[in-house]
Structure formats: C-alpha cells, structure tokens
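Student: What follows is the residue order along each chain.
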Amino acid sequence: MITFTVNGTQRSVTSDPDTPLLYVLRDELALNGAKFGCGLGQCGACTVLVDGEALFSCITPVMLLEGRSIRTVEGLGTVDEPGPLQAAFIAEQAAQCGYCIAGMMMRAQELLERIPDPDDDDILAALEPQLCRCGTHMRVIRAVKRAAQALAQAQALAQASEGAR
Amino acid sequence: MTHAISRRDVLRGTGALVLAFSLSRHAFALTETGASETPLRGLPGSLDSTPLLDAWIRIEPNGNATVFTGKAELGQGIRTALMQVAAEELKLPIARLTLITADTGRTPNEGYTAASHSVQDSGTALRNAAAQVREILIGEAARRVGASASELSARDGVVIGPGGFHFGYGDLVSEQLLHVDAQPTSILTDPRDFTVMDRPVPRVDIPAKVTGGAAYVQDMRLPGMVHGRIVRPPSYGARLAALDAGPVETMPGVLKVVRDGAFLGVIAEKEWTAIQAMRRLAALARWDETAELPDEARLPDALMALPSRDTTILDVGQPVAPSYAVDGLFSRPYLAHGSIGPSCAIARMEGDALTVWTHTQGVYPLRNALATLLAMPQDKVRCIHAEGAGCYGQNGADDVGADAALLARAVPGRPVRVQWMREQEHAWEPFGPGMVAHLRAALGPDGSIAAWQHDVWSQSHMMRPGPPGTLLAARDIADPFPPAPPVDLPMPEGGGDRNAVPLYVLPNARAVNHFLPEMPLRGSSMRSLGGYLNIFAIESTMDDLAGLSGQDPVDFRLHHLADERARTVVTEAAERFGWKSRPKAPAGSGYGFAFARYKNLEAYCAIALEIAIDQDTGRTVIQRAVAAVDTGQVVNPDGVRNQIEGGIVQATSWTLFESVRFDRRRITSIDWASYPILRFAHVPRHIEVHIVGRPGLPFLGAGEAAQGPTGAAIANAVRDVTGRRLRTLPLDAATVRAAMTASSLPTHSPS
Amino acid sequence: MLLKRVFLSGIILVAAGGAAALAYAWRGAIPPIAPPAVTSFQPDEVLRGADLALIGDCRTCHTTAGGRTFAGGLAMPTPFGTIYSTNITPDPETGIGRWSLAAFTRAMREGVDREGRHLYPAFPYDHFSLTADADLKALYAFLMTRDPVVAEAPANDLPFPINLRLVLAGWKLLFFHPETYVPDPSRDAPWNRGRYLVEGFAHCGACHTPRNLMGAEVSSRAFAGGEAEGWAAFPLGPHSPSRIPWTEAALGDYLRQGWQADHGVALGPMRPVVENLAEAPAEDVAAMARYLASLGAPAATFPPLPAAAPDMSGARPQSAGWQAAIAAPGTGQPEGLRLFAAACASCHEAGRPLPLGGTDLALSTSLSADTPQNLLNVVLQGVPASDGQAAPIMPGFVSAMNDAALTALVAYLRQTVAGKPGWPDLPAAIAAARDAAIPSPHAGAAR
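Residue numbers (our numbering), protein chains in the order written: chain D, 5 to 169; chain R, 342 to 1092; chain U, 23 to 469.
It is worth saying that the hints were derived from the structure and are not from the lab. Careful: at least some of the hints might be erroneous.
[What the hints assert, rightly or not] Reference listing, derived: stretches of chain R covered by chain D, where coverage requires no fewer than 3 residues with Cβ under 8 Å from a Cβ of chain D:
(1) 416 to 427
(2) 1071 to 1082
[Said to hold, decoys possible] So the derived label-pair ranges between C-beta atoms look like this:
(3) U:T104 / D:G12: 40 to 48 Å
(4) D:Q159 / U:G352: 49 to 57 Å
(5) U:T269 / R:T1088: 38 to 46 Å
(6) R:T439 / D:Q159: 36 to 44 Å
(7) D:A160 / U:L186: 44 to 52 Å
(8) D:Q159 / U:G89: 29 to 37 Å
(9) R:P753 / U:I460: 49 to 57 Å
(10) R:S494 / D:D84: 30 to 38 Å
Here a beta-carbon is modelled for each residue, glycine too, at the ideal position from N, C-alpha and C.
With these hints in hand, go ahead and build the complete structure from the sequences.
Tutor: In structure tokens:
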C-alpha cells in the first residue's frame, strides 16, 4: 500500500509498487487526464506534477511516490469552474484532437509556477518535451501567454484589495 | 432506387439500410469516403443515400433536437460544425441539440469520415434536413391555425405567427411527422441572416478535454472491463514458429492467453499486468521471418522498378517537347500518421451480439469487416464511434477494433479494452506511401509553359476495411483471409495521382498515373494522399519555370491561372504577406510561395512564407507563414483557421524531419526517438490565416488544404536561400546543410 | 570558493611580477582591414576550413542555444566567473570581419585579439598554438566566407582583478608555452595526423586533462581525466576506467557515430563533439582514434563482468518493441535492485541495440569511473530529445527520485552491476548533480 495525495486528497493505492503512476491514476483512481502516449518518456502525454515538478507518469513507478503530492489536469479546475490555465486553453480553442493537451497543460502549469511571465523562448523551451501531432502548437503558446496574463491580473487585483484593507 | 426504411430499421441498423449498403458495395470500395460516385436520388449531400428526415433529426417532446450524423469527430471540430449547421437551419439554440455521431446502431451510413468530405456530405445533408424539418414544423403550425405558412416563422425553437400565437417545436411534432423522405430542394437560410453559422462558435468537445473529462475511447471504463494487449509479429508476414505460453498463463492477474494462428493476445484484470504479460509473451514467442523490404536508401528506384498499371489522367495538346527547361525526379518517403495516442478499442461479446467502441473512420465498413472476420451476421455486430487521438487518415483504429473483438470472444460478457503500444502503432500502422513523381516542362518564347509532363508512381492509398483482409488480425489467424486487393482510387479525386493534374492552364500537358499493385510497406490513406508529393513537385517546378523565365513566382502562377477563386487566394496570400514589397531577405533567409486547390475539387489554399536557415547546421525554421484559404461557405471560421494552422505545422514536420525507416526485414521507426517529428523548438514563429469568404457557395473541406502548399512553399524558400532545388523529401538538416555549404562557396556552380 | 581565492592571489602575485611581465603583456593592435570579398578565397580552402572547424568544435562554444552559428554569446561559467564567447562571423563591427589573416593567426596561436588584448584561456589557444599556417589560412577562409551576423557578445562577468586583461599576461607567462608541431618520424602518417588534430584543433585535453588551481592544464598528467560543465571527462589511455578497454576501432566508431556497443552513447558536453565529428572527414577521425589508442591501455586487467541481476535472458522481446518484461524482485531484495527493475530495466535490459536502446549498464564507464558525476547527471537529467534527428531519448528522474531513492539506486548500480566499492561522498555529489539538473528539463530545448 502506497499513500500519496492526488489533487489535494489523500489516496492509498493497492497497485504493485512497480506499477507506473500512469496506470494507477487511470485504472485505480479513474482519472483521465494523464494519457498513455508512448510509455517511454518521449512524448509527454502522461505528464503530471509531483511536488510541483512535471514528470512523465508513464515511467515513474509509484514506489517512488510515497507521501508525495500529485497534481493532474483534474486538479486545475472543472468544466463548470475551469482554472485560469484551462480557461485560457478554452478561450484560445487550443486543441484539435486534444489527446496531448492535458499533459501539455501540466508542463505549462509548472512553467507558470516557476516563471510567472514567460516569454516565447521560455514557453518553447518548457514545452519541448511535449509532442503534438495535430499542429496546435501556435494556439498552445497563445493559451500559455493568456493564462500568464490572467494570473498576473488576478494577482494584481488580490494585491490591490489587500492594500485597500 | 428508393428504399422504404423504417425508423426501427435505422435504429437496429438492419434491413433496407444494410441492403442499400450491400447493393452499392462496389461503389463504396472505389471512393475515399465510401460514398457512391453516382447519385442515387439527386438529394443534397448524404441525404442521397439516407433520405428519411428522421434518420437525421428527431424533435423531442420538450422541443430539443437529437441530430444524427454518420461522420465522426476526429479532432477536426466536426461535431461543433455540424451542430452549428443544424442549429442554424432548425432555428434552435445549440445548447438544445444533442448530436449522435457514427454508430451502426443509430446513425445513417455515411461511409468513412475522410477526404475532407464531412461538412460537404454530412453538413449538406444536415443543413437541408434541418431546413426541411423547420419548414415541416412551420407547415404543421400553419395547418393547426389555418394560416398560410408564409405568414409564420421559426425562432429559438418556437414557430410564431401574426397575432402572437406560438408553438414550441415539441408541441408540433408527432410520431410520423418527420418520417418522410427529403425533398431535392430546401428553403435555406440566407447567409446574411446567419446567427450561428459563419461564426467562431467554441468547440463543444474542448472543455472536457482540458479538464480530464471522459473524452476518448481510451477513457471509457465499462463495468467488468478487462484489459487486453496484442503481441504482433516482428515483421510483415512472420509466422509463429514456437511458443510456450505457460509462464504467461500462470502470471497472477492474467485471465487468458489467446492464440489463433499467429494472432497472439493476453487478457488481464489490470492494464499494467496485461502489458507485462504481453512483454513476457513477446519474449517467449519465436518467429519465422520472411519479409523482404526494399533498400531504404534507394527507395525511389525500387518503387519505379515495380510493375505498374498505367493510366493517362490528362492528355491535351502536344505534351512532348524536344527538350525541357525543367526535368526533375521528386520523391517522398513513407510517412507515419503518428497518432499521439496509440489506437484503442473496447469490445464486448454478449450472447451472440458483439459491440465495439472504436475510433474508426468508418463504423459501417468496420462492422461489415468484423462480421465477416468473426463469421457473424452483420446485424449482430454494432460499431459505435468514440473519439481517439487524431488519426490523420487510417491509423491502427480498425486493426485494434479487430484485435479487441477477437479477445472479447474469449471472455464473453466482459468488455475488453485493447490499446496498442507505441512501437505497435509505429511499426504496424498503414503508412502514407512512399512515392515518386517525375516532372518535365518546357517554356515557350513568351515565357508561358509550352509543354508539361507529370508521371507519378505510388501504391494504393486506400486499404481500409471493407474486406477483412485489410485488418492485421485477419491476416494472422490460423485460417487467414486473403490480402485485400489494392484499390486505385479513380479520378477526379484520385489516390497517388491526387492533384497530379495541375489547376494551371496548360495547353500541352500529360499526366500518367503509374499505380503499383504491390505494397512494399503496408500503406493506406494519410492526409492529402498523393496530393502532398504531387503539389510539392508541381509547385517546385512552377517556381523553377518562373525563375528561368525571369518572372516573379506569384505573377507566373497568376499568368497560368484562369479559375477566379484560385486567382483570388493567390492574390490574397501575396498581398497579406506583402509579397511584392518583400525586402531583400537577410543572409540565410528566403521566401517561398505555393498554391493548390485540394483535389482540384475542395478548398483553395495559397501560402507565402519566410524561412531562416542556419548556414552551418541546415536548421530551418519558418519565421512567418501567411495562408489564404477559400473553403466555400464557412461554418466555423475559427475551425477553418485551426485546421489550416495545424496543416501548416504538421506538413512542416513532414517536410523537414519525417521518414519511416526500415531495414531489409523490419520497420525500425518504432518510437519518437527513431521517428522524430517537429517539437516546439521548430514551431513557425508566426502563422496568419486569411479566409476568403464565399457566402452561399457549397461547403469545401479544410482539413487537407494546407499540406501540399506548405511542403512546396518550404522547398521554394530553401531554393530562394540556397539557389538549390531539393527534390527528395524530407528536407532534413543534413540535406539543407549540404545545399547551404554548396551555395556559400566562393565560386558558384549551377545547381 | 577556496579554488577561487587561490587563483586570485596567484594572479595578483604574478601581476605584480615586474617589468618583464609588463613588457610581455603589452601587445600592439594589428590594423583593421576592409572585410575581404568572398571571392578572394578558394573553394577547396573553404571546404578544408569547414572540416577543421568541425574538428575544432568551434560552433559548440561560439553559438548560443537557438542562436545563429558562430555568432557567439554563449555563457561559459568558469570557477572564476562567466565568460561569453565572441562572434566569429565576418561581421565588421561585432565579428571578425576586420581581422586580417595575421590577426586571426595571432589570436589562434597566441591568444591575443586584433586590438592586442589578451584572451581568456577558455579559448584553447594553448592547443591551437600547434596548428599549421596552411590550416589556419583554411579556417580563416571558411570563417570569412560565412554569412556575417550582427551580434554583440555580452561583457564578461569576472571579478577584479581577473577582469583586467593585463593580468592574463602573467598567467600566460607561467602556463602558456606555445610550441609548433613536430612530426614523429618513427610513427606513420595517420598517427601523426591524429596527434596533430587531437593535441591541436580538437583540443581534447582541454577537458580530458586535469587543470591546476589556476585553470591551466597539468601537462605532466595529460589525459588523466578532467571536467567539463559539471561532467567528468574520463581519463583516456592508461588511466581509462572503461570496463572493456578501448581499441582503435572502438574509438573510431565512437567518435564518428557517437556511440559504441562496448561503451555506450556520448552524452553531456561530449555529445556536440561527436555530432561535429560525424560531419568531419572520416580519415581524420580515424587518425585521431589511432593516436588516442596509442596512448595505451590500463595495465591492470578488470575483473570479469559480474552477471547483472536480475537476469533478463529470456525476457527480451523478439518483436518490433524493445521493452522487456521485468518481474518485480521480492520485497526482501535491496531497494536499489527494486528501483532498477521498476524504473530502468524495461529499457536497459531489453537488448535494443545502441544508439536508441538503453545502454547495457554493466559496460558503462559512468558506473566504473572514479566519480559518480556522469551517472547522476544522466539519471537526473536524462537525455533530452534531439532537434529533429533520430537520437536516443531518456527521461530524467530529477523530479521523481528523492535522494534516498537515488542513493539506493546508485549503490546497487555501482556495487552490484559494476562490482566496485561505493563512491565516497555520494551525498555531496548528489546535491551538486541535483543543482545542475534543476533547469535541465528545458536546457536541451532550443539546441
């Protein structure tokens, strides 16, 4: 039994410790966000955050994750209340088939937590491990920028209201 | 030929609809969408094969509508576009529509979702059906109040009339009201009055995809579901020589090892167990390999040496010239569809009935193939489309459907989910075929093209089910089905010869299709089929001819174009790019232009772009690409932009990087390390898409319009930078670097 | 920091070292020229220069990630501060467009730029001093016929007094002893060619020879192993820690193709080197291999390779796929073995041939070397995808593995797979490797 938190909720899983996180998320915890793309850490469709850092869940055995904090695209918001990054991807219509997008978003989330105001080069570099086959790259880049702006505005508002108090 | 098809028949997917399919099977095999070439009834779009209005649209008692399409969402946004069309003509808000896509149990048979035909076929059918349903509802309201239908109108799901009376759609509809055949003509909404069409309506599928909703067949979890994996042979045609499956059968969690001839699969309670069992089984199996693949380094020669069936597809004037100003052999390697998500299907055998959830592009053809494969009646097999990762043509979707069905037979009552592994998708998908095109052209004294010859060599681009022999598993089982006969898609759409007939006005021209019945590597439909290479060849040659005659490439094209819509997109792309006023490119940079009308029947697309090449490494990046596109009546402008942007980026990847690698026995491109594609570092720095609106004109598909022009425009830009014409795809860094080195030398030699 | 302080005091001492040093230090400018026309060079000379630029690895330092080749600006962290590489395209204002052949030759051989300023020895003029006139002329022809790129290199970020170029004169006095190449008549032509290239243009010793506290190569310990950008540059010749001794053929294959079945794949700073050599003339690379092989082999014979556990024979798939099924070792087994089986073995025990397959770790020099540096770098950073080329990809485990897991895995690999005693001071090495790896998921991106 391995225990970790997933999107803020503590979960204990019974899968064998050598099972890659991807299959535990999908098959044991019924989360769809992380996708099987290659099983080799080459494409990024399975990307999730562990303790805030993006990794390939398809090659990460859960034995490494005892006590750690995992975040998937489900942890960024919901259909009814999308988070800033999700709202940005919807606003930019940044998907075609969308199979790569959840992993793409987790990589972008890591970037925005590290560099709140990324420039084009930051975004290209950060997303390099992620493959998209439909050619939605231009929209993904725009969506990450839009999310960064939204987060900055939200922070400015929060600071303003903090200051007013 | 008309058939009375009852609602129940449609629901059961049996009876007259099936009869219609089997009667027209011959025609189905001959077009890329599976639709009949010759109209049956003269009705618009797919209404022609499925005329009953309530096969397409049902009005619920609450006034909401359920809309049916035989086409499938492949990530191209078709679900949203079709809902826009239906909502516009029904005068019903999109939120009150439910769209049911390809399902042999519920929807019309619209063949394959392919060839950029979906809006044209299904959109046209739905638009007319919706308009006719609306008029029937208005007529019913008029009948009830004794008014003239012309005094009434429909809005927001309500029929309203003078004096303020109104009926909700739900109040008007009755059992048989919509159970009528469509009429040949409809009262369509004037494009000036559109409120839903020609608007950038947000895609209905995206919210689930960005929040972890169940968006794909890969995400389905049915009660009692188990996981299957397949062990594929190491090479084409390999036979299983020896296997002791005992160690796998006894692995904890393994339910079954399925072996039928050389078809090998495992079923386990958990997915990871199934993968481990698959790997163990693969290690235990011993194979006899017999495949003899061509010499990859000499692929063009190998293809041209194969026996061919030759068809002259264009022959006007005197195409033979005493000498040619341009004479070039163009080639492309085999290309992988390379879906990011390997193919997946879920199959369940319950009693004598099989249900398969699949991301196939053709639920009906797959249903028929599976029925034959499993020796089941067609009405006992139901195929339901569920989205997969983008396929861009025929990937492993159909094959994995057969794999899942064969495994499901071994565990009756339990749904079996099978997903291919990365190496299986890469090695076993039917590739976009390797091809060769030979172009020769001569210039007249006036700078016009005086003679033109185009020869193209290609295997089939259409090896979809129907015949069970198209499915991998059907070839591996102990009692195998014969290989499916190769299909040469006929003109005007064509297969390998797609777009081999230039749209330019050429008084002396010949084009010959050298169809290769043999298939050195497994191949089938991949976006734009032969169009990518043929447009690459034609547009490269056009640029060279322009240069030789001292004309601007855009002027030279316009000089040879009569089609007004073609002239408009060429002019639009050039103007938006600033082609005429383009500054002298800095060292290492250059400009390229290309144009095509996809299939000479679909969307028009012209692309101008600027590239930068690193002189020392040959690394090539698009700095700016400007596309102009005419897709007829636009349903969703943002959807069109998304498709064109995507087409440019995807074709940039094909053009700069991609090539399926193989040795003399096996495919060796089995993952993203051995089949690199474009990553973010190579994303074009800027893309603009300008839509030339054509309100009221027929829909033209947009999904494959940009690929051909993109490859050609890149090659033309490389020529602009290096002075070298590169004709062998891909234009990879080593190739471009060699051209750069040659062009940087102090004394220039002619290219 | 101790290193830095020693270096500083040394420099100050030397700088104060009297008139002789000053006289040596003062170098005049060489007059600027009008940028020569491309047509003033011969094509075959340009092509020969292109080959020498590849062997000399010029573009690796004189190009930023994603930047134009030879336009400079790459930040090179040294123990003493950050030095930025210069623009060596023929742009007249920001590059070397106004440099005459004499100025170029002086820079290459003596480490003095056209204006007369001493260059920092990050530019390996201590090796280039060996280069022949004709070759420098060819390299000059190649560089002067490149497309000029306007790019001003950032100013170096060095503390006082190292930021004083004059101080470098003192350093040169102590450590820079230019020589001309003298062929060894007792050796054949390829060996002499190889030695000329290895010691000169290719400047292999710049990484593979240890440096003293003041950053100069210790010539008495040539090829005894050094360091580059946080990676060990393994000893060559008699000190090589390779499990299977290098042969001339193996060295040739490795340098030309970037991998060798008995040794693995070139990674870290060696990767761009072999990428360049892949384009260089095959006979030159073979000559370098001949010379390097002649450095000798370790006297001591290695113990036979221990059987790597778990024994994967029979688990390797004979199909298109190359991932092996790995049975989980029992919970009683060492944690390192369990981690290896779960996280590494499916690729590294699958038998897929190099370069795309996982290296057979029993043969890896990273496991048998005196330092865990490279092993840790690879485990943490992985091998990022190449820029459009078919090349190995390995995921990094920096986010997945905590220090305890890493320690257990490394212990297993070092002691059981390599059969060697554990590395001393592993925690410090892990901390350093982790620091280096933090930005790494993105570092390879724009290359």
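Student: Determine for every hint whether it applies to the structure shown.
Tutor: Here's how the hints hold up against the structure:
no.	hint	result
1	416 to 427	holds (count 3)
2	1071 to 1082	violated (count 0)
3	U:T104 / D:G12: 40 to 48 Å	holds, 41 Å
4	D:Q159 / U:G352: 49 to 57 Å	holds, 51 Å
5	U:T269 / R:T1088: 38 to 46 Å	holds, 42 Å
6	R:T439 / D:Q159: 36 to 44 Å	holds, 40 Å
7	D:A160 / U:L186: 44 to 52 Å	holds, 46 Å
8	D:Q159 / U:G89: 29 to 37 Å	holds, 33 Å
9	R:P753 / U:I460: 49 to 57 Å	holds, 53 Å
10	R:S494 / D:D84: 30 to 38 Å	holds, 35 Å
Consistency with the previously given hints fails for number 2 only.
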